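Trainee: All chains, full assembly: derive it from the sequences and hints.
Counted the way numbering that gives the first Met the number 0 counts, the sequence shown spans residues 0 to 573.
Don't take each hint at face value.
Computed cross-link-like contacts, DSS-like style, restricted to lysine-lysine with a CA-CA straight-line distance of at most 25 Å [unchecked claim]: (1) Lys101 to Lys114; (2) Lys438 to Lys498; (3) Lys462 to Lys566; (4) Lys572 to Lys535; (5) Lys34 to Lys498; (6) Lys349 to Lys114; (7) Lys572 to Lys480; (8) Lys294 to Lys420.
Please keep in mind that the hints were generated in silico from the structure rather than gathered at the bench. These numbers were taken from a predicted model, which means no experiment stands behind them.
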Amino acid sequence: MLSPEYIDHLPDRVVELYADLEIRILEDMARRISKTGALTETAQWQMWRLEQIGAEREFIRYHLQRLTGKAQGEINELLVEAGEEALYYDDQIYRAAGLSPKALRDSEALQKIIKAGSDKTMRLFENLTSTTADTASRQFENALDAAYMDITSGAFSYQDAVRSAVKSLSKAGIDAIIYPSGHTDKMDVAVRRAVLTGVNQTAARMQIARADEMECDLVETTAHMGARPEHMDWQGRIFSRSGKSRKYPDFVKSTGYGTGPGLCGWNCRHSFFPYFEGLSERAYSRAKLREYENKTVTYNGRTLPYYDATQQQRYLERQIRRWKREYLAMDAAGLDTSEASAKLAAWRAKQKDFLTQTGLGEDKFRSQVYGFGRSQAARARAQAERLKKHSRDGIIIMGSDGMQLKIDSLTPCLVEASTGKIIETSYKKAAKSELKSLKAKGWLFDWTHSSLKEDEIYKLVVKGESNPQGLIALKYEDRSKAVYVQIAESAPSNRGASKEYLGVGGHLFAIAAQQSMEKGYGGFVFFDAKNTDLVKHYSKALGAQLLGVPHPYRMILDEDAARKLLKLYTFGKE
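Mentor: So, in structure tokens, the structure goes:
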């Protein structure tokens, strides 16, 4: 038998090797992409592009092939260790039953199972080497082309284009396998599943062979909290391997043993052990199994099934890994790492809060990224603290109690609500003289308020007209490399059921993104939502993300969200 905890950490040593390589590949890609803007002639670019793609493919293939040999040694050790661990537990039960199992080293049949398990698992890794070299090279090729297109289009600066390409790579991680369905397995996911499944299945075959030797028909499965729902039906129960028992159900039919979704299948942490009627005692009482199945935790006032909570924990760990990857990739490309530092701090804070509320234990290995050591962690923390301080110094000061502008529609131009007619727009700075009379005309906010003294206020207008259809106040924060939206408001005629135009809110945020681009901030826009409902609204409507520090409803439009807005809107600037 292998315990669920033992199985869970089986792949760690091999995953560590491949995680280290993933970072080296990302850093190499980032360095190459950072040189994209050096060439402007199409012929030169095409030649350089082919050289870089070929060199990157060779880099990936060479290091993967070297790593495959090292991984084989680790996997062989794991197979022997896991086999010894499983049989050590099982053999104690057999000896208690008066039987005499052979030592692992003296059993030719068991040695053959280890050899077969090693061969099968290594075939998976050889296939992984081939497919990863191809899929990762395509990722690099796509990112390289995207950066070049953005630069040559003139829509984005060299730095913004490179940053966007590097961000897209580090956000996803390195692709290992792309299935016909379109589903993609990342390198760390593919490696973890291959090792865990391969080693657990090999140990299980050794246990089955031993049970055949000992003529033991009954087995009991292990159980653990957080089991996937389809495994709860059979965990911690007794089964008949032959299927001939009148008292206990068929082992294979009940558990799906030998299949991918079943016992000892894909990423399964269950195992089994021999059971002798009249001698063995049940390892799991019915009360204990009910406790496992009904276990819940509380998070933010909501009750979550334990399994769902573990999936949320995995999500938080993935986000932490994502921003560590981005930090390293941006650093390798010589780009600013401020956003990655801030996001990493925010996700760590979310993880800490989640673990505190739910009582779940932290699994540091799952949020670890190799290459992101103490030095990088210290630099990222210091950078996040500086950003937090700068936010207190300037960005968070605001004259309103939070953003509450609703985004009714995202349209390239304004849409006349009564007719559906498309109305072209432009924007320009609002004059102080025209702001003074707005309050009397039904505008909600006092646009002459002293809190806006240092802001730039822009008005959205119908092309060729001067009346504002919406206003937005922006504060530029050079230290944080971002634009802060102090306040935004639609004109009185564009509020309520009888509004004149649709699309004002989206236009105003697009203006903020455009100004961020022009300032060299990469499109980054910060703002504070009024409440949790509006946090959800801005997330869905604009793709904004909750940062949560230093303001509890602090949100950010990152480069990706800003670029999407700017590709949609076609307004001019006067």
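Trainee: Against each hint, give a clear statement of whether it holds in the structure.
Mentor: Verification of the supplied hints:
no.: 1; hint: Lys101 to Lys114; result: holds, 18 Å
no.: 2; hint: Lys438 to Lys498; result: holds, 18 Å
no.: 3; hint: Lys462 to Lys566; result: holds, 19 Å
no.: 4; hint: Lys572 to Lys535; result: violated, 30 Å
no.: 5; hint: Lys34 to Lys498; result: violated, 49 Å
no.: 6; hint: Lys349 to Lys114; result: violated, 45 Å
no.: 7; hint: Lys572 to Lys480; result: holds, 22 Å
no.: 8; hint: Lys294 to Lys420; result: violated, 56 Å
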